[in-house]
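Residues are numbered in the numbering used here as their position in the sequence shown, beginning at 1, plus a constant of 18.
Treat the hints as calculated values from the structure; they're not laboratory data. Note that the structure is a prediction, hence the values are computed from the model and not measured. Where a beta carbon is used, it is the ideal one built from N, C-alpha and C, also for glycine. Honestly, I wouldn't trust all of these hints.
To be verified - Label-pair distances were calculated between CB atoms; the ranges are:
1) Ala85 with Ala28: 37 to 47 Å
2) Phe51 with Arg108: 15 to 25 Å
3) Leu33 with Arg108: 18 to 28 Å
4) Pro94 with Ala120: 30 to 40 Å
5) His93 with Val57: 41 to 51 Å
6) Arg92 with Leu123: 25 to 35 Å
7) Ser89 with Phe35: 15 to 25 Å
8) Glu58 with Leu27: 10 to 20 Å
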Amino acid sequence: MPRLTARELAAVHRLEFPFWLNTLCQALWGACFAAAAPVELSTWPVPAAVAAAVLLVEAGLVLNTVADLDSDARHPERSRLSSAAARLGRRAGLRLVVAEAAAGLAL
C-alpha cells in the first residue's frame, strides 16, 4: 500500500466532520442497547463491540470509495477524495476493505 498521509487516509475513510462523530455515536448507541445494566458498559466486550462496529462501517465506506473511484474523479467537489483514492489504488483499497472487515468480524 502506498504511503498515504493521515489526511488522505481520513478522506478515503470519509472521516470528515461530522461523519466520524456520527459513526462513533451509532457504535456507542448500539453498545448501550446491548448492555443490560449501566455497570456492564465498563466491561471489555463493550469497547470491543464499539471497535467492531466502527471497523465494519468504515470498511463499507472504503469499499464505496473504491467502487466510486471513476465517478468521484469527474466531480470537482470530490477532488480531495478522488485524489486520495487514486493514490491508494483500487487493489490496495480492496485489501484495506478486507482487512478492516475481517478485523471487525473477528472482534
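Hints not upheld, ascending by number:
1, 2 and 8
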